[in-house]
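Enquirer: Here the protein sequences come in this chain order: A and B.
The first sequence begins at 1 in my numbering and counts up one residue at a time.
The second sequence begins at 1 in my numbering and counts up one residue at a time.
It is worth saying that the hints were derived from the structure and are not from the lab.
Check before you lean on any hint, since a few could be wrong.
Copies of the same chain are indistinguishable here, so a pair counts whether it falls within one copy or spans any two.
Subject to a maximum C-alpha distance of 30 Å in a straight line, what follows is the list of computed DSSO-like cross-link-like pairs (lysine-lysine) [as the list claims (entries may be wrong)]:
id: 1; residue 1: K27; residue 2: K250
id: 2; residue 1: K160; residue 2: K5
id: 3; residue 1: K252; residue 2: K340
id: 4; residue 1: K221; residue 2: K30
id: 5; residue 1: K250; residue 2: K181
id: 6; residue 1: K5; residue 2: K252
id: 7; residue 1: K380; residue 2: K252
id: 8; residue 1: K81; residue 2: K58
id: 9; residue 1: K221; residue 2: K56
id: 10; residue 1: K325; residue 2: K58
id: 11; residue 1: K387; residue 2: K31
id: 12; residue 1: K58; residue 2: K395
id: 13; residue 1: K142; residue 2: K160
id: 14; residue 1: K31; residue 2: K58
id: 15; residue 1: K58; residue 2: K27
id: 16; residue 1: K31; residue 2: K77
id: 17; residue 1: K380; residue 2: K250
Quantities reported herein were computed from a predicted structural model and do not represent experimental measurements.
Number of protein chains: 2
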Amino acid sequence: MHLSKRITSMQESPIRKLVPYALQAKKEGKKVYHLNIGQPDIETPASFMQSIRDFKEKVIAYSLSQGSPELIEAIIKYYKKYDMSFEQDEILITNGGSEALLFSIIAVADAGDELLIPEPFYTNYNGFSSAVDVNVAAITCKAEDGFHLPTREEIENLIKPRTKAIVLSNPGNPTGVVYTKEEINMIAGLAKEYNLFVIADEVYREFVYDNLGYTSFGNIKEIEDRVIIIDSVSKRYSACGARIGSIASKNKELIKQILKLCQGRLCVPTLEQVGATRLYGTPNSYFEEVISEYENRRNIVHESLNDMPGVLCKKPTGAFYVVAKLPVDNAEEFVIWMLKEFNINGETVMLAPAEGFYATEGLGRDEVRIAYVLNETDLKKAMNILKLGLEKYAKK
Amino acid sequence: MHLSKRITSMQESPIRKLVPYALQAKKEGKKVYHLNIGQPDIETPASFMQSIRDFKEKVIAYSLSQGSPELIEAIIKYYKKYDMSFEQDEILITNGGSEALLFSIIAVADAGDELLIPEPFYTNYNGFSSAVDVNVAAITCKAEDGFHLPTREEIENLIKPRTKAIVLSNPGNPTGVVYTKEEINMIAGLAKEYNLFVIADEVYREFVYDNLGYTSFGNIKEIEDRVIIIDSVSKRYSACGARIGSIASKNKELIKQILKLCQGRLCVPTLEQVGATRLYGTPNSYFEEVISEYENRRNIVHESLNDMPGVLCKKPTGAFYVVAKLPVDNAEEFVIWMLKEFNINGETVMLAPAEGFYATEGLGRDEVRIAYVLNETDLKKAMNILKLGLEKYAKK
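Turn these sequences into a full structure, and let the hints guide you.
Expert: Have a look at this one:
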């Protein structure tokens, strides 16, 4: 018996495949600062655990396939703050943003169809697509442009008869880019002209810095039936392990069809939905603190990087990532070298090589993604270790 | 923009599509006994909530993609009781048995490949397959045979070049059949001869009555690299809302490949894994009580059915379902009639029409699935209402 082509050809997580090197470094007694994964260190609001502790049912029963009405209501209320108006039958609760994405891809694309995605992109866009036989075409964005989109014409040239949707993460993972209103409108115009869906991954919606404005695809009335908003509590409330995401769309037929997939997997965990419902009531003051914390970290990372000779990094304005071009030939080799060969007083740093975030062969080989998910003190130490590492690596 | 063919052609849940009729009946003040869904009424062991209440971490962080080592260890220990021996890298934790199934299908079958499944079957086998463009061919089993398998030759004739796996639920949902050792060996022999995987859905493993022996596919050494065991805490510990399932296989390469899908969705909820780990420590006395309770219910349902003129139902020996042939032309119409037109002192019964459990057009039209998930008193009342309903329906 053989395994399927679609699974054997699926890309291995470029982040997770270096984990053995980190484990080995730790075994040798090294401390490793993890800047390679998007696991925030911020505390989950206590209301999450409290509401779960208060859960009194004797049977942990199935929830509704579409999600608990209370959680959907909480999300409707949340979107209102952003001038987006959804009804109960326009939202589905999913197992994290991941399932929201997978189900959306299955719903808009048949085997052999294509998605258009700005690269570098969240690698799981690729993974899920190939798992269900959907092709990915990349809109190449460059470090020199701060990973903003290329011209309308360049994107237009990539649209083919089997292109079904444009998938964007905004604010962007892994780049930290926040698209301008003009960029959002440009994509909306293309979606309308070429009859495409827009799968808008907006899980980092709050994480926008420098008092920049933010435009959600949910605010573009003219294409409201084409927009599928992917959302999640993971980053917003630092509750990655809760695995609560959602799909929102004004296209009721789309939601009705995806509901069949939701029914197939029966429901999302009952307790996590109870907790997530309470998370959506988190006061704004929480975000003010968190955003100011991340903005400060972003500044530290950006300034440190620009202080390193040969490093290119335009100031990112969102999420908690940055992609930097390093003065090395092969960032993966450098990352492994940092784990295997380098330390400052027994401490080293783990970064994510960025090549895996690109669909186009050869791109990103000299780039890394840094997730600023450590507190100020640790982050400063980690950036200093990176600086010294780069210096030593250059002399090799 | 169009939705994909695979999602629009996906079968709607045959159980859930009648829900509006039940809601309407309740609105009219009727009490509805639900024999239509597999939501057990048995209490979840208290250790589940207790261990979650005791969870002390301040950040609800990602768990490992393969699942928490503690939970995997608990499952390894559990399988040992059934003479199955697995290692840490032979088990993956999933979002319920549902995700275990979906991932297994993606791993063994490409678009256009085929699965062979005894019908009537759990409808989501069909749903997931069509969502990922995999065809289903049915091995027809009959009420008259107690839904046991047909001859080896009949099954052999259904195997085609693109058949990749045989999927079986044992004990069976919706039929309650428990396959004999001879049937299991016959399937194992076919799998070997025709180079197929066996996807063994054994989530009802404990629910076997009349002191019958139970043979797991995990006990057939000769095909251990072909067997994928789907499991779940949902029914075993009456924890459907926890959504914790697992994949176990001695085929390490298969597990390694499916791990890529697991990495794509990052992880299964952290808290639910904490709770599930404790569930696996539930003492045997719990099962003794639960099994004796279900066996008693099975007897009530089976005897009541055989007491109704024109009803055919061989005694089922496992799970908590039975498929019965009713003396009606169209069971769906009868089920709707029971909800809309019939009641005994303001009470009625909801059943699941069985046609949706068949892949072969026209089969099962006069059959229903009954889930015996009510206590003895309610179950007796419900069966009596069904009897009176059938009598009145016959006179229409």
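Enquirer: Next step is simple, just say for each hint if it's right about the structure.
Expert: Against the structure, the hints:
1. Taking CA atoms no more than 30 Å apart as the test, K27 paired with K250 passes between copies only; the shortest distance there is 29 Å, against 51 Å inside one copy.
2. In this homomeric assembly, K160 and K5 come within 30 Å of each other (Cα to Cα) both inside a single copy, at 24 Å, and across copies, at 19 Å.
3. With identical chains, the CA atoms of K252 and K340 are at most 30 Å apart between copies only, with a shortest distance of 28 Å across copies and 53 Å within one.
4. For the homomeric pair K221 and K30, neither the shortest alpha-carbon distance inside one copy (53 Å) nor that between copies (43 Å) is at most 30 Å.
5. When the C-alpha separation of K250 and K181 is checked against a cutoff of 30 Å, the pair qualifies only within one copy, where the shortest distance is 21 Å, while the shortest distance between copies is 53 Å.
6. Taking identical chains as interchangeable, the C-alpha atoms of K5 and K252 lie at most 30 Å apart only when they sit on different chains, with a minimum of 17 Å there against 34 Å within one chain.
7. Taking the closest pair of Cα atoms, K380 and K252 never come within 30 Å of each other, the shortest separation being 48 Å inside a single copy and 42 Å across copies.
8. Within a single copy, K81 and K58 get their C-alpha atoms only as close as 36 Å, which misses the 30 Å cut-off; across copies the closest is 28 Å, which meets it.
9. Proximity of K221 to K56 under the C-alpha cut-off of 30 Å is found in neither arrangement, the shortest distances being 42 Å within a copy and 44 Å between copies.
10. For the homomeric pair K325 and K58, neither the shortest alpha-carbon distance inside one copy (54 Å) nor that between copies (35 Å) is at most 30 Å.
11. With identical chains, the CA atoms of K387 and K31 are at most 30 Å apart within one copy only, with a shortest distance of 17 Å there and 71 Å across copies.
12. Within a single copy, K58 and K395 get their C-alpha atoms no closer than 65 Å, and across copies no closer than 43 Å, so neither meets the 30 Å cut-off.
13. In this assembly of identical chains, the alpha carbons of K142 and K160 lie at most 30 Å apart only when taken from the same copy (23 Å versus 49 Å across copies).
14. For the identical chains of this complex, K31 and K58 are inter-copy neighbours only, at 22 Å across copies versus 44 Å inside a copy, given an alpha-carbon limit of 30 Å.
15. In this assembly of identical chains, K58 and K27 lie within 30 Å of each other by CA distance solely across copies; the values are 26 Å between and 44 Å within a copy.
16. Proximity of K31 and K77 under a CA criterion of 30 Å is satisfied in neither setting, with 43 Å inside one chain copy and 33 Å between copies.
17. In this assembly of identical chains, the alpha carbons of K380 and K250 never lie at most 30 Å apart, being 44 Å within a copy and 46 Å across copies at closest.
The structure is inconsistent with the numbered hints 4, 7, 9, 10, 12, 16 and 17, although it conforms to all the rest.
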